[in-house]
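A.B. asks: For reference, the chains in residue letters:
Protein chains: 2
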Amino acid sequence: MKKISDLSAKEVMITGGFWKVLFDKVKSQVIPYQWKVLNDDIPGIPPSYCMSNFRVAAGKKEGEFGGCVFQDSDVGKWLEAVGYVLMQSSDPGLEELADSAIDDIVAAQQSDGYLNTYYIINGLDKRFTNLKDNHELYCLGHLLEGAVAYYQATGKDRLLNALIRYVDLVARLIGPEEGKKHGYPGHEEIELALMKLYSITKDEKHLKLARFFIDERGRAPFYFREETGKYGNKDHWKDSPFQYNYYQAGEPVREQQYAMGHAVRAMYLYSGMTDVAVKTGDSTLVDACKRLWNDVINRQMYITGAVGSSAYGESFTFDYDLPNDTIYAETCASIGLCFFAKRMMKMECNAQYGDILEKCLFNGVISGMSYDGTSFFYVNPLEVVPEASEKDYLRHHIQVTRQKWFGCACCPPNIARLLASVSNYAYSKSEDRILVHLFMESRVKTELKSGRIGFDIETNYPWDNVVFIKVNEAPSSPMQIAIRIPGWCENFELRINGNKVRYGLENGYAMIERVFQQEDKIELDLDMPVTMAEANPRVREDVGKIAVMRGPVVYCLEEVDNGKDLHRIYVERDTTFRCKYDKNFLGGAVLLESDGKKLSQTEWEPDKLYRKATKPEFDSIRLKWIPYYLWSNREPGEMVVWVKSE
Amino acid sequence: MKKISDLSAKEVMITGGFWKVLFDKVKSQVIPYQWKVLNDDIPGIPPSYCMSNFRVAAGKKEGEFGGCVFQDSDVGKWLEAVGYVLMQSSDPGLEELADSAIDDIVAAQQSDGYLNTYYIINGLDKRFTNLKDNHELYCLGHLLEGAVAYYQATGKDRLLNALIRYVDLVARLIGPEEGKKHGYPGHEEIELALMKLYSITKDEKHLKLARFFIDERGRAPFYFREETGKYGNKDHWKDSPFQYNYYQAGEPVREQQYAMGHAVRAMYLYSGMTDVAVKTGDSTLVDACKRLWNDVINRQMYITGAVGSSAYGESFTFDYDLPNDTIYAETCASIGLCFFAKRMMKMECNAQYGDILEKCLFNGVISGMSYDGTSFFYVNPLEVVPEASEKDYLRHHIQVTRQKWFGCACCPPNIARLLASVSNYAYSKSEDRILVHLFMESRVKTELKSGRIGFDIETNYPWDNVVFIKVNEAPSSPMQIAIRIPGWCENFELRINGNKVRYGLENGYAMIERVFQQEDKIELDLDMPVTMAEANPRVREDVGKIAVMRGPVVYCLEEVDNGKDLHRIYVERDTTFRCKYDKNFLGGAVLLESDGKKLSQTEWEPDKLYRKATKPEFDSIRLKWIPYYLWSNREPGEMVVWVKSE
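In the order they appear, the protein sequences are chains A and B. To get this note's numbering, take the position in the first sequence, counting from 1, and add 1495. To get this note's numbering, take the position in the second sequence, counting from 1, and add 1495.
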């Protein structure tokens, strides 16, 4: 197999279209807002304490530790987003802010390299005594990701070097050798971060530590049990069906058959596993990654790319269990699935990874942020009844409107870093092949085996169904452009300079091989009708229902357009949809209209609960469908994705 | 309005049929088993400590308090059931056991009358400092109910007199007067118990105390807030949407518009309110009872007579919110609804109360006990998927098989006392009218204004649709027999001695007025086809579904008869049912068969989750329906009441 590798972030510039709007929102709104949050500068929301903790730990100010044990991670995510933004274009003011943050972070580092404000402030004697729940390695992972991105953007290695010292300390204390703790993190994250570090340092120690965390996880004797006994830590899931499966640590990762436990943790673990599997070619790990990928996407994923069926433990439950109204579907879990998909794309050339990535990006990820970029969902339900959220605690976690910020602020900075780096997800290369996974207005310049290739992509995808690839420069020998044909697309046409082109199809990619010329213009024309999807009949909640899609975009019905009691609405399977691009609708979107019918309430005696069954009577109605990710940007109310259809 | 009153329990003997089987099961199995439980004599289940606590409190043995704060109530319920059994026929051995229990209870009484083992053992200084959560008045209520029943059965007043002293103490410490606590119980129960006591003592003090508890409840300033502050009690629902509504104490009872909070507590409160309203004629209280009744049965009740939509707080949620798979539906709550209905039947002659009573009895109540009378459900779901109960904590409370006994053992003794007294629910009288609410093989003898009436009822109801009433003696002047015509029955015939009879219809009762003769034989012939019910379209979970009923009995599908994936089954609205009485099926029951269809799984690629919607394909299947209350008596598996129907 030819090695598939990422383009560096600086090789892809977003130039316009759908993702540029979101990138700009992150750059202009989210990152400055987040900086204020990290510095407790936003009145009316609970303080973050994140930067304050570093300053207290560094002795720069008096105070106590504030926030969650994983508060350090927030600035890691923020720096990572800043790094991605700076890769796209310089911004001296922003760089200055980041440097000042790095000053504060590095100032807190201890002489032996240790750098975690919770333990520095509360007592270093307890450090590394609760890997299971206290997120030290998780925080290190996020700081590492931030440091790597910032180094790649700016060449500045101050934080990177500091963290390498911290990693050295960790490797001295934790590892397979006798005398070290045979531990691993309760919340995975450091595994994939170490692999990013390794990609820069090429230091085998960094790869080795990542592998150790993955290999040791879930092996008997269980480190978490040992640690809990030794240090008297709380055993949160002892009386739960989870046990250590909450942490994906109930059995060795290579033996895990199903995605289990906390969904975000699972996604981060699988991403790290895939990094290691791709790097080492370890076939048992490759098998585990594929098996877990298949379980997630073929048996435990919502149609929006959301994962995590239950609020209990924010977790996976079991195959085909996908309730729409008690769902958890954390934004971070969909983001994690993007990480996983991106890494699987390096394991093999197969369009399914791009399909899932695209599904997450256009639906379950960006539903987490409001149109104006200032409020966020943790939980992304597929069915919402405001009264249930208010009055039944089992559905209390289903928020009807996005919130400004959260006590546990994982999702907003996670969206920010993903959207700031979204161009990194669009392309890969492999010898003399460039792979186009996503259709994104962008300018690409990279080096293939035989020389430089440069092209522009122009498209108003996903609203428009045509994608242009204009070649700016190309090697003088043959090369391949491999274009992912989305799984939802049944017919497409490929032309070069107006003429049909010969292409091969390989695992869902159309492969055009030729000597490309400057000014060559490839045109991809994807049939993009509105379609209805149905779920596997094993999915209890979706039997007798359909979901409406156009291209990768899942649609929904909202009360503001369609009235109350969305559960009474039916749609015929052969109904026709009218599509219209509305440039004024929340930044512009294709909206749909169709006929529908609503189970009549008029014949019922007021108040009566049950009666002898009759032939159902329906009222004809017009339905207005909007992209799912745009829900809850107008009047709060009911929302539904899966609509009844006989 | 003519006063409607109960027949005394000794005036109605169950002689055979459906309820006699259950009565005998309670007498021969449940009561002896419970006695052993109360005395910690059953190996393999957690000890109850109930009788042990009384002996420790009395100084008869060394030890500590064990079990829940409301453990005393268990023997109250047991004694009550024993009383009802003894009213039907003497049993010297059982009476001896009960006397020994009463010895232990009374021996624990303090010199001032106080009698609660939790505080006697743990410290009397804390008594009456947590009316909100520590169940002192609740326990007193259950002991009172037991004492009253035992007194009515045997004439023995030892426990009754002891408890009257305890009530006197309570009335000295709690009440409207200055210097007394203006408190009321967190778990209602004593209100209805005091009304039972009052029916014997005619002591206005007892009525007054019941009224005080009802009138003071939910009034500002809130006693619970005061008490919590004063004694530093835990405020369990402070951060919950419930607040004091969990206890039905968020506003005065006369202002409550919706059934709210813990469902069992609500039912007990409404029952006590109705007792007081009937006794006093207080019109604002009458209105509140009717309003809350209407909310419960017309907007918050399952078709089985179950109430309590959410496991969170075992509570009501909101109107038309009736999820079938995350339901709570505690057995005790359906029992409480029977109490409420029985009392509403004294408020006015209206067949709706008997309809609901019958619905609860044949469905949501007796589903709580296994066929062999040795295991019990707390929670009575209408839809069960075993894997969900096992793997998703939000559905973890949905047990798939009944349990032997419970740590908090409220339901089993509650079923026992209800089934032991079920004959008390069948009849009322009013001047020269006897009202027949339920159809139960029994012998009735009572006194009307104009003289004695005696009759036998013979029927194999609900399996058989004919009810015979054979008059044994009657007054020589005209009297009325008022027979409830069930709401589910569209056509019926009434004959006397083979001839059609003239009758009036009054609020759902057929009124036959004449001078009855010895040997008169009334025959009621109720059309009892199998019918399908549909729910109000406001009930989200039941749209596009039907429930199958025959007479008052709700049917269900079980996996053992119909295979896995019951959610894929559809039934046509015009399908015909074959009924067959199977005497060998769990004690005998009418079973149903029908055609049905099952959404096909065969066309699906294995593992695929979503695809473009197709026209649904179905496989024809035969469906076997069993009475809902008999579910989970064979192989554990899936079960569903509401079945898809287009």
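If you're looking for bench data, these hints aren't it; they were derived computationally from the structure. Some clues are possibly wrong.
[Unchecked claim] Label pairs and their computed distance ranges (CB to CB):
1. A/LYS2059 with B/LYS2103: 41 to 47 Å
2. A/GLY2058 with B/LYS2103: 32 to 38 Å
3. A/ASN1789 with B/ARG1786: 25 to 31 Å
4. A/LYS2059 with B/GLY1776: 39 to 45 Å
5. B/GLY2082 with A/PRO1716: 37 to 43 Å
[Claimed, not checked] Over the 10 Å line for every Cβ pair with chain A, so calculated as not near, a few chain B residues:
6. GLY1511
7. CYS1563
8. SER1778
9. LYS1841
10. ASP1867
11. ASP1887
12. PHE1987
13. ALA2028
14. LYS2075
15. ASN2079
16. PRO2111
For each residue, glycine too, the CB sits at the ideal point set by N, CA and C.
A.B. asks: For every hint, state whether the structure bears it out.
C.D. replies: Each hint, compared with the structure:
no.	hint	in the structure
1	A/LYS2059 with B/LYS2103: 41 to 47 Å	34 Å, violated
2	A/GLY2058 with B/LYS2103: 32 to 38 Å	34 Å, holds
3	A/ASN1789 with B/ARG1786: 25 to 31 Å	55 Å, violated
4	A/LYS2059 with B/GLY1776: 39 to 45 Å	41 Å, holds
5	B/GLY2082 with A/PRO1716: 37 to 43 Å	52 Å, violated
6	GLY1511	31 Å, holds
7	CYS1563	18 Å, holds
8	SER1778	22 Å, holds
9	LYS1841	23 Å, holds
10	ASP1867	29 Å, holds
11	ASP1887	4 Å, violated
12	PHE1987	16 Å, holds
13	ALA2028	5 Å, violated
14	LYS2075	22 Å, holds
15	ASN2079	31 Å, holds
16	PRO2111	8 Å, violated
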